[in-house]
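Sequence order for the protein chains is A and B.
Numbering of the first sequence is given in the numbering used here, commencing with residue 1 and proceeding in unit increments.
Numbering of the second sequence is given in the numbering used here, commencing with residue 428 and proceeding in unit increments.
If a hint is listed, it holds; no wrong ones were tucked in.
The calculated DSSO-like cross-link candidates involving lysine-lysine, where the alpha carbons are at most 27 Å apart (straight line), are: (1) B:K501 with B:K430; (2) A:K153 with B:K497; (3) A:K108 with A:K273; (4) B:K430 with A:K397; (5) A:K149 with B:K502; (6) B:K502 with A:K153; (7) A:K375 with A:K397; (8) B:K429 with A:K397; (9) A:K412 with A:K349; (10) B:K429 with A:K380; (11) A:K412 with A:K397; (12) B:K497 with B:K478; (13) B:K478 with A:K149.
Quick partial rundown of chain A residues pointing at chain B, CB under 8 Å, derived from the structure: (14) I46; (15) H47; (16) S48; (17) G49; (18) L52; (19) E63; (20) T66; (21) N145; (22) E147; (23) G148; (24) L173; (25) L191; (26) R193; (27) S196; (28) Q197; (29) Y399.
Taking beta-carbon pairs under 7 Å as the criterion, some of the chain B residues facing chain A (in silico): (30) V433; (31) T435; (32) G440; (33) L486; (34) P488; (35) V504.
FYI, nobody ran anything at the bench for these hints, they're computed from the structure.
Predicted model only: the values in this text are computed from it and were never measured.
Quick reminder that beta carbons are idealized off the backbone N, C-alpha and C, glycines included.
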Amino acid sequence: MQTDLVVVGAGPAGLAAAIAAKKAGVERVLVIERDSEAGGILNQCIHSGFGLSYFNLELTGPEYATRFIEQAMDIGIEFLFDTMVLSVATNMVRALNANDGNIYVECKAVVLAMGCRERTRFAIAIPGTRPSGVMTAGLAQRYINIEGKIIGKRVIILGSGDIGLIMARRLTLEGAEVLACVEIMPYSSGLSRNISQCLDDFEIPLLLSHTVTEIHGKRRLVGVTISQVDENRRIIEGTDRYIECDTLLLSVGLIPENELSSDAGILLDDVTKGPIVNDYNETSQRGVFASGNVLQVHDLVDFVSLEAERTGRAAAKYILDFVSSTDANRRVCNADQSEQQPEIHTIAKENISYLLPQRIVLEDHGDVDIFFRVKQPIRKGIVVVYCGDKELLRLSKEYLAPGEMQLINLNKQDITDDISVEVEVLR
Amino acid sequence: MKKELVCTVCPLGCHLVWEDGILSGNNCARGYTFMIDELESPKRNISSTVKIISNNHRLLPVKTSAPIAKELVKKAVRLLMDVELSAPIRLGDVVVSDIFGTGVDFIATRTIF
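So that you can see chain A by itself, here it is in the shape it has in the complex:
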């Protein structure tokens, strides 16, 4: 099989990247998806709140996905469903499905858009037995919203990530009793709006600085022990209490799904757990790009779409340059030129957990979006951006939370040296 661009994953990132690449002039775009339809996790996110910045409309997940799926179909993007990608290189993707067996796809570039998966009970090592009724919040969402199954009647949610909060509301409306949302940190990692409309509206208590310390039950979960923790997340003796419940949902974080990337030798970032990329979202492997939650876990799909479009256009530029330069020497020559450019790095300083992209290419003009997250909630802070030692930008912020990704836009003309970002906390 031959194509120009292979996109791995038909979720929001894959769809937006594929559409943008096709629109930018790539003739053949093939999206490979392991599920039997496009849309990814949006299909099970039936709540609204998507598209407010991208479409200026409040849409549900399926509605948001539909807009991209229909567009992709209209402009002739090809899909391969029920197919698992096994390995990725710049010019060859190997995949497998039940009808065709092994599939070898020759291509000119690849966009990785595999998304992320949920951390499980074993990732956070909760002691106790192994009964049924303990599951991740996203799995519960799939059971309820796609498969039409009831998962339990008395529910505890561990972790206050957005999916956990959304499920607290959904379960309550479906007739289950959500007893509490238990969060080990002294603050929630979910969006403030979700705490308000999913917990507060239904008077579900949010127990901060608490965690589940034991799981009880033989066949089915019968209860959990929860305990309070101190500022170092150590369990405080004597604060444990037993809560009877039949279901424990875990909303304890997401991990970018990068097995394909690391097998391909692509360098990953220790903090984001996604590939290290330049501002084209090109990984350490030339011609392999990454976008969406495989690159960094986003809070809003709108940002995924915008990021993926940028990535799709960058992949298109790479492919079109590659095609137009019939003379292989010219390409090598171009590569030499770009290596003479100073390599700009981005550096996370005080109160910043990471910056993305990690590198900036100064081959062209235009602007660059830099995403970051703060390490802990900050009331009244100033975001300061430096270029080398020179201050580029100061932005005053009323409230910054780790759960809310921030974006700064810089003009490449202003960038002459490494970019560093910090937040000064005002007392």
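For chain A, the structure is supplied; the task is to place chain B on it using the hints.
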């Protein structure tokens, strides 16, 4: 009177403070409308699912066409328990019309063939 809440109109989640008729913390006019609604008659959007007979899907996702009074939310969701549809259904099709005389409908949020 003082009331603090998080604006849920958009994902920005502005921290609104209402003190003696003066609003602060909002970044747009929708925040003002939201605070007034919260004080006088809070409304919510609902998303849920209904049974559907189709080859590939068991459930059709639905939502309210506009926000409805907060106290009607639980009752409205119960209306959906008795609904059973057959494919094809198109995005935007009305699934339950005029919920409790509010003029608000439950509508399909995806197409299922």
